[in-house]
Structures are given as structure tokens and as C-alpha cells.
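S.K.: Chains A and B, in that order, are what the protein sequence lines are.
Sequential numbering from 31 applies to the first sequence in this note's numbering.
Sequential numbering from 31 applies to the second sequence in this note's numbering.
What the hints contain is simulated information worked out from the structure, not anything from laboratory work.
These numbers were taken from a predicted model, which means no experiment stands behind them.
You may find that some hints are simply not true.
Same chains, same names: a pair is fine if it fits in one copy or spans any two.
[To be verified] Below, simulated DSSO-like cross-link-like pairs (lysine-lysine); rule was C-alpha separation at most 30 Å, straight line:
id: 1; residue 1: Lys214; residue 2: Lys86
id: 2; residue 1: Lys136; residue 2: Lys293
id: 3; residue 1: Lys97; residue 2: Lys112
id: 4; residue 1: Lys231; residue 2: Lys112
id: 5; residue 1: Lys231; residue 2: Lys68
id: 6; residue 1: Lys172; residue 2: Lys97
id: 7; residue 1: Lys171; residue 2: Lys272
id: 8; residue 1: Lys86; residue 2: Lys164
id: 9; residue 1: Lys253; residue 2: Lys229
id: 10; residue 1: Lys274; residue 2: Lys171
id: 11; residue 1: Lys86; residue 2: Lys172
id: 12; residue 1: Lys231; residue 2: Lys97
id: 13; residue 1: Lys68; residue 2: Lys97
2 protein chains.
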Amino acid sequence: MFRIFICVVSTFLFISVICEMAQSTRFDELLNLDSLRKSLVRQEDTIIFYLIERAKYPRNLALYQEKFVPQSSDSLFHFFLKESEALQAKAGRYTSPEENAFFPDKLPAPLLQTLNSPTPTLHPSGASINVNDKISHFYLKKLLPLITSEGDDGNHVATAASDLDCLQALSRRIHLGKFVAEVKFRDAPEDYTPAIHAKNKEALMELLTSSRVEEAIIKRVAKKATLFGQDVDLQENDTNSKYKVNPSVVSRLYEEWVIPLTKFVEVEYLLHRLE
Amino acid sequence: MFRIFICVVSTFLFISVICEMAQSTRFDELLNLDSLRKSLVRQEDTIIFYLIERAKYPRNLALYQEKFVPQSSDSLFHFFLKESEALQAKAGRYTSPEENAFFPDKLPAPLLQTLNSPTPTLHPSGASINVNDKISHFYLKKLLPLITSEGDDGNHVATAASDLDCLQALSRRIHLGKFVAEVKFRDAPEDYTPAIHAKNKEALMELLTSSRVEEAIIKRVAKKATLFGQDVDLQENDTNSKYKVNPSVVSRLYEEWVIPLTKFVEVEYLLHRLE
Chain A
31 MFRIFICVVS TFLFISVICE MAQSTRFDEL LNLDSLRKSL VRQEDTIIFY
81 LIERAKYPRN LALYQEKFVP QSSDSLFHFF LKESEALQAK AGRYTSPEEN
131 AFFPDKLPAP LLQTLNSPTP TLHPSGASIN VNDKISHFYL KKLLPLITSE
181 GDDGNHVATA ASDLDCLQAL SRRIHLGKFV AEVKFRDAPE DYTPAIHAKN
231 KEALMELLTS SRVEEAIIKR VAKKATLFGQ DVDLQENDTN SKYKVNPSVV
281 SRLYEEWVIP LTKFVEVEYL LHRLE
Chain B
31 MFRIFICVVS TFLFISVICE MAQSTRFDEL LNLDSLRKSL VRQEDTIIFY
81 LIERAKYPRN LALYQEKFVP QSSDSLFHFF LKESEALQAK AGRYTSPEEN
131 AFFPDKLPAP LLQTLNSPTP TLHPSGASIN VNDKISHFYL KKLLPLITSE
181 GDDGNHVATA ASDLDCLQAL SRRIHLGKFV AEVKFRDAPE DYTPAIHAKN
231 KEALMELLTS SRVEEAIIKR VAKKATLFGQ DVDLQENDTN SKYKVNPSVV
281 SRLYEEWVIP LTKFVEVEYL LHRLE
């Protein structure tokens, strides 16, 4: 009997340790610059796939402009985004420190308390930084007109689902800046501390900037858009020059919005890092 | 006054005609074999992008196996799929004859009656054919183990959202078989009518099969998986042989499940075509 008890207890302890290890491995990855870089590079593919999917539909302006919800001014896009986030909140999405909602104020609680209680990977003062209003602004006003044709094909719900994919992928990528800033700070607190105390945003921006890395990103995303957005057929030598999303638009997306907003998040995070 | 009246009426009529034209253009496209083929080819890219995205996460078995909803046996996956469809139904997704739900029985009504009232493009007896139970079975039991690594990274909601994308893309592609069958029947009713009257499934399957076209599809999807699933860097000559989803698995997906299920839908549709 005692042996069975020992066996059960040791199995339980073993499983707990394994779970704990899996959990800490995942959060450790977010605090390792090499893993973070790999994740950022992989997220480029995700963002480009989703943009190519959105470009399958025309602009579909009525989705964003026409009133959809009775007794409210909400458009179908607004309704869909808000309700999708509410559903994903119930499912537990926003318990992860990597996820930031576009409508964070009235999210329902998760149905089930998961094991993923937020490990304090980020400094609490900067953890809640959220630039999703800026992301949805550039996405809707600047990017959509560059990647979609004019017109309306009536596929409004599929278009809204595609917008949700794009917005969540961009948000995840840009807010990863909080983890990048945390890692960079931990690696060299002596470099950042004076600028943080002086609230010197320009100095922080300079410390965080590597033009060489940024240029490589901007070139790489164009190459990816070229490869992923071509029409593939079985001919050996494709001389395709028509892409589903213009590669130079993807470069511009990174140069003008994704990289600057990520660095904005990094600077904002660092400004609160010593509070 | 009369001139203003004439002007308003003629503007209204003009807009109505334009809307009507846009609407009928869209449904006409679904009844044109060339447009349908283009759409099927484009949907290959969609399916492969979504599979590559799903492969970013490990199997995450707990998502499908563990009880998630209190007072119910539903897993998080089941809850998420059902609730997402309910939300999309409210938004009007299932008013389109191209969309087929995985839980069609208890879908809420659309919040707004859209202009997209189903045009009778499909014959009513076959329009409701739904093989989503077969699709979710092969996706969960056969395909997922082939494209994901074992393990659990805790990203359960993002994984479920990714599964939803894959399942909806596969469902849309396979159920387009109803439109393919309708077009083929309209093009040559004399070829199909005897087999339909005789309820001869084998004869219908033979009429619908083009081995040459199927072989080209199976090769093309592997080529797409090779191009879209590679790790892209800035070196000129990538000699990459590691792909995010094994191209031969994508070929097998089409050969063993997508093509046979599409033809199953086509045959079932034709069997009801003369009712």
C-alpha cells in the first residue's frame, strides 16, 4: 500500500516538474534574444501570408462604413472584431503576455483558469503598453488601399476574418517589442539606465536601433512577398512578375509602420522599466 | 421639381442596376468552369498558407482532449469552433451558398438581412450537401499528426484559431464541388442524365474524373508547399531542403482526401440533380 502511495506521489511530482519545465522553457524563450529573433523572422511569413489572403478580396468598403448592428453605430467590421476578441478572451487568449486586445476594456473572463498564469517575464509597469489603436489606424487607412483593389464582392465576413488575422499578427509582432526591450535591458542595464532616468527618448531610440538589421529585414520581407505571392504553375522557369501583394508595399509596411512602432513600444517599455 | 424627381429616380435605378450586375457577376463566376478552376487553384495557396501556420504550433493535444466548458464535455477546440461559427452566422457568413458550417444545426440568424439572398445557382436538392464531418475527421485524425510535432506549447487559442482557418478553407474548397458538378451538368446534360436516372455512382465518378488534371494538381500543390514553406534568407542561392510542411504530405492531402471528397460531393450533388 505504501509502495503504491509512493509511486502515485512520485508520478505526480514527476508530471508537475515536467509541466513546470515546459512552462518555464516557453517563457525563457521570450527572454532570449536569439529565440526572439527567430520568432520575429517566422512572424514575417505569417504576416505576409495573411496580407496575401486579404488581397484576395477587394476593398469591400461597406464592411467598414455601413451600420450593421441594430441600435448601435457599429459596422460589421467593428462588431466582428469586438465579438471575436470576446470569444477568444473566454477561451483564454489574453492570459498570455504576448497577446494584446484591440478592445481591452470590456473583455470577458476566461471560462477556465488555465495553468498559464502570467509569469512575471515583463516588468509590470510596461507590460500593459498597447498600441493597437495605432496599428488598426495604419492598417485600415494606409495599408488596405495599397494591397486591395477597389470594389465589393460581397464576401464581407470572410474579409473581416481575414482582417482579424492580419491585425492580430501585426499586433503580436509589434508588441513583442516589450520582450525585446526587456532582454536588451537585462543584457546591459548600465547602457540604458542613464537614458531611462533622464527620460531621454532619442538616446533610447539610438541604443535600440541597428540600421544594418533593419535594412536586412526590409529586404527579406520583399523577397518573401515575391516568393509567397507569385502564381505558381508547373513550368520550370517561372518568369512571373505579377504578385498578389506588391513586394515593395511589404517593405514599406515594415519600414514605415512595423519597425517604427516596434521601437516605439520598446522605448515606452524602457521608460517605465525602473519604476 | 419634376426634373429633380426624374433625376433622383434615374440615379436610384442606375445604382440598383449596378448592384444587381455586381451580384449576378459574382454568381455567374461560380457557374463558369474557367472561373471555378481559377478559384480552386487560388484556394490551394490559401490551404497551404494555413497549414504552414498550423505547423508553427505543436500538436497541443490538450486543446482537443481536455474538458474545457463547465457543465459540458466540450473541449476548447469544440467550444471555439462552435462559438466562432455562431458569431460568423450572426455576421451573415452562411447566407452564401459557398459556405457550409461544421455545426449547421443550431446557427443563430444573421443580425442583418443582407442583399446577398441566395440566388438559385445550385439545384435545391443538392445545395445542402455537407461533408464537414468527414473533413474534420481526416483533419484531426490523419492530417494534424503529419504536419505538427508532438508536444504542447500552451498556445491553445491561437492553435484553435489556426485550425478554424484550415478547416474553413478545406471545407470551402471541397464543397465547391457542388458548383463544379452544376456547371458540368449544364454543359452536357445528355452525358450525365442516364447515369443519374440509373443512380450509377461509378459511371458518374468516371465522367467527372480527369487523371491528367488530378496529377497536375497533386504536383502543383507540392511545388507550392516547397516555395511557401522554405526558410527565406537574403542569400542568392538557397539550397534549402527543410520545409515547414512536408510537400509530400500536401500532395497526399490532395490525393487521398481533398480530391476524393470533392468528387464525392460532385457525385452526391448530381444524384439529386433531376429531383
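S.K.: Looking back at the numbered hints, which does the structure fail to meet, lowest number first?
M.R.: 4, 9, 12 and 13
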